[in-house]
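Produce the complete structure using the sequences and hints provided.
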Amino acid sequence: MLTLTCPCCGVIAEETEFAPGGEAHLKRFGPGSSDDEFEGYLFARKNPKGVHFERWRHAYGCGKWFLAARDTNTLEVFATYKAQTTEPPADVIAKIKAKRPDWEGYK
Amino acid sequence: MKRYSMFAVAREAMRFHRGWERAWRSPEPKKRYKVIVVGAGGHGLATAYYLGKVHGITDVAVIEKGWLGGGNTGRNTTIIRSNYLQDPSAAIYEKARALYEDLSQDLNYNVMFSPRGLLMLGQTEHEVRGYKRTVHANRLQGIDTEWIGPQQVKDLVPIINIDGPRYPVLGALLQKRGGTARHDAVAWGYARACSDMGMDIIQKCEVTGVRTEGGKVQGISTSKGEIDCEQLAIVVAGHSSVMAEMAGFRLPIESVALQAWVSEPIKPCMDVVVMANTVHGYMSQSDKGEMVIGGGTDGFNNYTQRGSWHHVEETTRALVETFPIISRLKMLRQWGGIVDMTGDRSPILSKTPVEGIFVNCGWGTGGFKAIPGSGYGMAELIARGHSPLTDQFGLDRFKEGRFIDESVAAGVAH
Amino acid sequence: MSTRLSKGGRLIDRAKPLAFTFNGKPMRGFAGDTLASALLGGGQVMVGRSFKYHRPRGIVASGAEEPNALVGLGRNARFEPDQRTTTTELFEGAETTSQNHWPSLDFDIGEINNTFYKFLPAGFYYKTFMAPRAAWKHLFEPIIRKSAGLGGVPKEADPDRYEQVYAHCDVLVVGGGVAGLAAALKEGRAGKRVWLIEQTPNWGGRTPVDGGQIDGHDAQNWIDSALVELSSMENVTMRTRLMAAGLHDHGYVIGYENLADTTPGDGRPRHRLWRIRAGHTITATGAIERPLAFAGNDVPGVMLASAVRDYIVNWAVSPGDRTVLVTNNDDAYRTALAILDAGLTVSAVVDAREETHGALPEAVKARGVRVLEGRGIAKVLGRKGVSGVEICAQAGEGGAVEMIDCDCVAMSGGWSPVVHLWSHCGGKLTWDDARAMFRPDPNRPPTGADGTGMATVVGAANGDLTLSEAMGGLGIGAASGEEAPLAPVWMMPAGAPDALRFKSFLDYQNDVKVSDVQLAAREGYESVEHTKRYTTLGMATDQGKLSNINGLAILSDALGQPIPATGTTTFRPPYTPISLGAVTAEAKGELFQPLRRTPIQSWHEAKGAHWEPVGHWRRPYCYPKSGESHRDAVNREITNTRKNVGMLDASTLGKIVVKGPDAGKFLDMLYTNMMSTLPVGKCRYGLMCNENGFLMDDGVVARLDEDTWLCHTTSGGADHIHGWMEDWLQCEWWDWKVYTANLTEQYAQIAVVGPKSRELLERLGGMDVSKETLPFMKWTEGKLGAFDARIFRISFSGELSYEIAVPASQGLALWQALMVEGEALGVMPYGTEALHVMRAEKGFIMIGDETDGTVIPQDLGLNWALSKKKTDYLGKRAQERSHMTDPNRWKLVGLETLDGSVIPDGSHAPADGFNANGQRNTQGRVTSTYYSPTIGKGIAMGLVLNGPDRMGEVIEFTGEGEEMVKARIVDPVFYDKDGEKQNV
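These protein sequences, in sequence, are chains A, B and C. Reminder that position 10 of the first sequence reads as 10 in my numbering, one-by-one numbering, no gaps. Reminder that position 83 of the second sequence reads as 83 in my numbering, one-by-one numbering, no gaps. Reminder that position 894 of the third sequence reads as 894 in my numbering, one-by-one numbering, no gaps.
Rather than coming from a laboratory, the hints here were simulated on the basis of the structure. Note that the Cβ used here is the ideal one computed from N, Cα and C, for glycine as well. Do not rely on the hints blindly, as some may be mistaken.
Claimed, not checked - Sample of chain C residues lacking proximity to chain B, with all beta carbon distances greater than 10 angstroms (derived):
#	residue
1	G426
2	E762
3	L774
As the list claims (entries may be wrong) - Using 35 angstroms as the maximum straight-line C-alpha spacing, the simulated DSBU-like pairs for lysine-lysine come out as follows:
#	chain 1	residue 1	chain 2	residue 2
4	B	K34	A	K46
5	C	K155	B	K399
6	C	K155	C	K137
7	B	K204	A	K99
8	C	K783	C	K937
9	A	K99	B	K224
10	C	K870	A	K64
11	B	K399	C	K665
12	C	K643	A	K99
13	B	K288	C	K384
14	C	K870	A	K46
15	C	K876	B	K351
16	C	K665	C	K682
17	C	K428	A	K99
18	B	K216	A	K107
19	A	K49	B	K399
20	B	K154	B	K30
21	C	K869	A	K64
22	B	K154	C	K155
23	A	K27	C	K384
As the list claims (entries may be wrong) - Estimated spans, in silico, between C-beta atoms of each pair:
#	chain 1	residue 1	chain 2	residue 2	range
24	B	H55	C	E880	51 to 57 angstroms
25	B	E206	A	K107	23 to 29 angstroms
26	B	P168	C	G826	31 to 37 angstroms
So, in structure tokens, the structure goes:
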């Protein structure tokens with residue numbers, strides 16, 4: 001039973017207030033993309049055992065989507081941050097690096 | 001291998017059971033095998049077993065990070081059914097169910113397959129239509145299912161409440177020869193039979209790398225050294241993405257937690273398996289007398305084998321609503337497993353971008369019931385390059401948009 | 001035999017006697033008794049039968065670890081099986097029954113299993129019962145099932161209430177023994193918000209029984225003053241009878257509070273489930289004494305040494321007149337002292353250690369008790385009760401050197417810290433060789449949301465078994481006497497032969513013996529999890545609290561490896577079983593799930609509507625009149641609507657406002673067709689697909705003004721679609737200026753349908769709803785009678801039809817006004833089934849019937865709704881994939897049975913031949929099928945291979961039974977093909 005901090009409204013809340021939304025920072029491919037690109041966009045998932053960037057919606061709160069950096073193996077939450085970004089912000093990366101020196105980094 | 005029988009037990013009783021031999025050997029790995037199966041769960045062991053039994057390939061190692069049968073094989077709710085809607089699913093689950101019928105005799109190990117009947121309750125008009133669709137599909141697939149009315153449900157399950165104020169039971173999809181089996185015994189029985197065929201089951205051996213050359217598999221690196229192989233089958237539910245990463249490709253998979261729990265044992269009161277998908281819960285009673293309960297998965301990626309408590313509450317509510325007498329029973333033990341969810345919630349039994357590597361994963365919440373069929377099809381895929389049981393479950397379907405979606409028939413796939 | 005002592009008993013109130021029954025026999029106890037102490041006090045030593053061999057079983061322990069003494073409690077609707085007597089407080093009128101025997105506790109047919117115990121070792125059922133094949137299901141399993149199970153089956157629904165509550169604190173201290181009290185004091189004094197919880201009714205834990213000095217005071221005095229201070233702190237909350245059942249991720253603790261078990265039916269909630277979110281959890285959960293494995297250690301009267309002194313000191317119950325104490329440690333000598341203090345006899349102390357010189361043994365010796373050193377028990381004599389023990393050399397093979405008469409055996413194999421909570425979320429253990437126990441490894445705690453340790457352990461739970469160690473760890477001086485090290489003893493005697501091992505029990509409830517674990521090891525079930533599952537060790541209702549450590553020590557020995565190499569099984573919640581009622585709480589019956597009600601719901605209820613659940617809504621399926629079948633009611637509703645006028649409560653339809661400068665652009669991405677070009681004042685039917693190209697939702701979109709659109713969605717889809725819109729706006733096109741609001745519940749919506757619908761609206765007066773002012777697919781707003789209405793000229797039935805939206809508060813009044821004005825026109829309400837049939841008659845698709853998550857618009861002949869002009873919309877790229885453009889996809893057609901019958905729901909159309917898996921080939925299936933009262937026969941829609949090219953062809957569908965139904969492929973529009981009726 002996780003607790004997450006919504007970066008939009010600042011509330012620290014129970015997992016039951018949120019709705020999970022899968023891997024973050026996926027690049028959308030539309031018409032004109034190759035079959036491989038489109039398949040990758042829809043289906044290929046990193047699904048790491050470790051640092052994971054993921055989407056959540058504060059569904060029973062402010063309604064906003066946000067992103068979280070979380071360890072899928074320990075459930076540690078490194079940071080939550082706004083959804084309006086195409087990759088994890090530098091400060092989030094730095095936080096994770098500080099705690100997981102062996103982490104290979106965002107790719 | 002010494003055969004198991006009532007007489008053998010009686011004979012051993014006279015000498016305090018000192019004469020029993022190991023159920024499976026505990027060998028060190030050889031340098032090279034024709035086929036390596038990674039993962040000594042039910043699916044991996046069954047794959048090895050049918051490679052030997054059907055295709056005569058016994059130069060096989062089954063590599064296991066922990067102990068055999070210790071993953072989802074040993075932590076599921078043991079339900080067996082084949083009342084699936086889509087043809088490819090129905091084929092592989094029915095193959096599995098049919099093999100379960102004779103598995104105890106086949107393996108000379110009592111897996112206690114108990115075809116006690118399985119009900120999926122229809123509790124909305126929409127769900128009823130979905131299950132009727134399944135009955136018609138099953139009829140053409142050669143699977144014996146039927147739709148029964150609420151009174152017949154009550155007759156089969158006296159402890160059920162069919163008049164719940166919110167979701168009265170409108171009827172049920174019945175598969176008379178669905179049921180349960182003893183999950184650990186399935187893994188143990190296959191392991192014993194594989195070992196007896198000369199295959200090496202190597203436990204406590206972690207795979208640390210997959211070696212490929214020119215797009216072809218060469219072998220694996222493990223905590224017990226390098227092992228070469230011609231063919232490699234990755235059958236590691238819960239860790240499929242991690243292994244695929246080692247081999248250099250990605251899978252359409254997310255790993256999530258699924259929970260189950262049991263009550264304290266009581267005298268037998270429910271002879272069939274009941275699934276209530278509208279309210280998200282299912283329950284059976286084990287031979288020991290525990291009510292075995294399961295529900296839905298968590299929605300976020302998770303490798304901890306622990307789920308979130310609120311699912312326990314939701315599912316327990318669903319089942320107390322359906323079976324009011326269980327309110328005064330007590331929850332004895334609660335646990336979780338990690339399941340692979342694919343893009344269409346159906347499994348992947350497939351060749352991969354690397355020649356010689358095969359993958360069997362993505363069974364989601366429904367893997368146990370499929371074990372014999374999955375192993376049978378997977379063995380055929382490895383030995384012959386294709387199998388009618390697995391052909392539709394290839395990775396290519398995601399590129400083509402060819403979903404095998406079982407959720408369409410109103411239900412959730414467990 | 002056991003009896004009540006004439007004086008003493010720190011927990012009982014002799015002024016408050018309580019009457020109860022055991023198997024119908026009247027018995028008496030006192031307030032403060034547990035069921036177990038009252039049973040023992042009344043001389044009831046044998047209280048049940050074991051699971052497998054049906055061996056007689058007595059009370060072993062005095063707390064949560066008790067494996068044997070489980071009873072059925074209560075009767076009828078308040079019957080509860082498997083109730084642990086050692087943790088159940090006695091109450092007036094308690095009715096208890098022993099379990100797992102037939103016909104009686106004293107004479108049990110099932111005990112025949114015990115006679116054949118040699119034939120029933122661990123896992124025997126895996127090796128037998130295989131032939132013939134059908135025998136398992138029909139012969140063996142029924143027999144095994146009949147003897148399976150422990151408790152009886154409740155027969156009625158639970159009449160009691162349960163509740164759930166949240167609590168938040170900085171520090172949660174679990175366990176109200178002296179370590180827990182000290183930890184709570186420390187945190188409380190530091191100003192933290194502290195919760196201190198204790199599973200039993202009493203504070204102080206074991207210390208009041210064991211004695212000692214804390215901080216210079218007598219232990220009990222220290223406890224009393226600690227309680228006074230804690231009670232005075234406003235930041236400290238203290239609760240007894242509240243167990244921490246599990247420590248879950250991110251410091252989420254499930255607490256289980258017993259409120260009214262002793263006052264059944266008093267109206268209070270019986271149990272309360274606490275969801276405690278703790279900043280940090282301190283577990284002070286104590287330790288559990290281990291039994292010793294000797295032959296006959298399961299005979300009633302063989303008990304844990306600590307339990308024997310608990311019963312004497314706490315409840316003034318003597319478990320026996322002459323006790324033999326068997327131990328491998330000094331602590332157990334406290335039991336000898338307690339027995340002597342109570343004026344009872346210690347026949348001997350049997351100590352497995354070669355020499356004993358500690359203060360405690362010396363004190364016992366000083367009181368004239370024989371201490372046999374280097375000795376063990378070869379076997380216990382007696383069947384339903386202890387009559388004596390055979391003494392042997394511990395180092396030997398069990399040859400008896402002496403026989404000692406006794407009626408009670410108190411045993412102690414050392415102590416194991418209670419590490420369950422620590423372990424639930426991954427806290428690791430370390431093996432302490434000197435003390436022969438697993439204890440929490442402080443370097444590997446369970447970690448919380450921030451990655452740091454979320455729990456610490458104090459006291460005996462941390463392996464600090466003596467009072468001075470436990471309190472010393474908390475910085476408090478304490479004294480309880482020196483204790484010499486224990487000698488690990490996993491089997492007694494060390495060289496016990498098979499015949500003794502087959503009678504040396506590890507798991508009492510499940511009848512797992514030393515020999516079973518050794519057999520498992522011999523057969524290759526070497527992992528501790530294999531052994532557990534193969535032998536069922538630790539899988540009983542005590543979850544191995546007594547048996548696990550002994551079992552894995554035996555296993556380690558059999559494998560020739562050290563105990564830490566074997567490891568433990570996984571600790572899983574709950575710590576002790578918790579009622580499913582508490583997990584359910586109030587969410588049952590009508591409150592099972594939230595019920596969404598439309599503003600008009602009360603009217604439907606008053607009219608006796610037959611309901612259909614739709615999401616969390618409950619919509620009228622039809623409105624049967626007295627004596628009318630549902631089918632007849634639906635037909636009547638349809639006929640009346642098509643002939644006169646009908647009304648549908650359409651309030652559940654999703655209503656989402658999309659507004660802003662980029663709203664048009666956004667909707668063009670969302671819908672397959674063009675919405676930006678929709679003129680203000682007009683409506684357009686639209687389709688939404690997901691990124692996989694599958695049709696997801698549909699509905700009518702109205703453009704309200706230059707930058708505002710109102711999107712109608714399906715009833716079940718509103719929340720999802722609103723979330724979907726927000727997802728794209730927030731996560732993909734966050735620079736687009738669009739605002740959305742889900743107004744579904746802000747409006748009531750009423751469909752007024754049928755040739756007389758215009759007349760009905762005109763009777764209310766106000767707005768002009770004429771064909772000229774409000775033609776088909778336009779909307780308008782204004783006053784309809786007294787109501788603020790927005791009226792859409794749209795139709796899902798093919799009839800002249802208006803959908804009227806009013807503020808939710810006016811919904812019921814408008815409905816009633818329409819009913820009154822419509823009476824002369826023959827107005828009737830209609831339900832969802834009539835809605836479905838009428839749309840099917842018109843060939844309109846229904847999301848969830850024609851679609852199922854795998855159907856694309858092209859399958860349904862909806863290509864006209866797929867914009868060719870747009871370069872992109874959600875789902876467009878997906879629909880270009882090979883499987884989506886496959887010409888052999890099944891396509892929508894109408895189906896007309898040759899004999900007028902209704903094709904069954906879900907029917908499939910077989911094709912020639914079989915596929916590679918031996919399944920019959922198929923060429924189509926029915927998606928909607930109804931009896932049409934309008935056409936007077938069965939109509940259907942279905943998806944058929946190349947269907948639109950096969951008009952007029954007759955194909956077969958599966959019928960209800962073996963027979964097939966012949967149907968002709970026709971146009972899906974059965975009614976008013978030219979749309980004249982809706983366009984008047």
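How the hints compare with the structure:
no. : hint                                  : in the structure
1   : G426                                  : 7 angstroms, violated
2   : E762                                  : 35 angstroms, holds
3   : L774                                  : 34 angstroms, holds
4   : B/K34 <-> A/K46                       : 30 angstroms, holds
5   : C/K155 <-> B/K399                     : 54 angstroms, violated
6   : C/K155 <-> C/K137                     : 26 angstroms, holds
7   : B/K204 <-> A/K99                      : 29 angstroms, holds
8   : C/K783 <-> C/K937                     : 42 angstroms, violated
9   : A/K99 <-> B/K224                      : 30 angstroms, holds
10  : C/K870 <-> A/K64                      : 29 angstroms, holds
11  : B/K399 <-> C/K665                     : 29 angstroms, holds
12  : C/K643 <-> A/K99                      : 73 angstroms, violated
13  : B/K288 <-> C/K384                     : 25 angstroms, holds
14  : C/K870 <-> A/K46                      : 32 angstroms, holds
15  : C/K876 <-> B/K351                     : 29 angstroms, holds
16  : C/K665 <-> C/K682                     : 18 angstroms, holds
17  : C/K428 <-> A/K99                      : 20 angstroms, holds
18  : B/K216 <-> A/K107                     : 25 angstroms, holds
19  : A/K49 <-> B/K399                      : 25 angstroms, holds
20  : B/K154 <-> B/K30                      : 57 angstroms, violated
21  : C/K869 <-> A/K64                      : 32 angstroms, holds
22  : B/K154 <-> C/K155                     : 15 angstroms, holds
23  : A/K27 <-> C/K384                      : 73 angstroms, violated
24  : B/H55 <-> C/E880: 51 to 57 angstroms  : 40 angstroms, violated
25  : B/E206 <-> A/K107: 23 to 29 angstroms : 24 angstroms, holds
26  : B/P168 <-> C/G826: 31 to 37 angstroms : 32 angstroms, holds
Checked against the numbered hints above, the structure breaks hints 1, 5, 8, 12, 20, 23, 24 and satisfies the rest.
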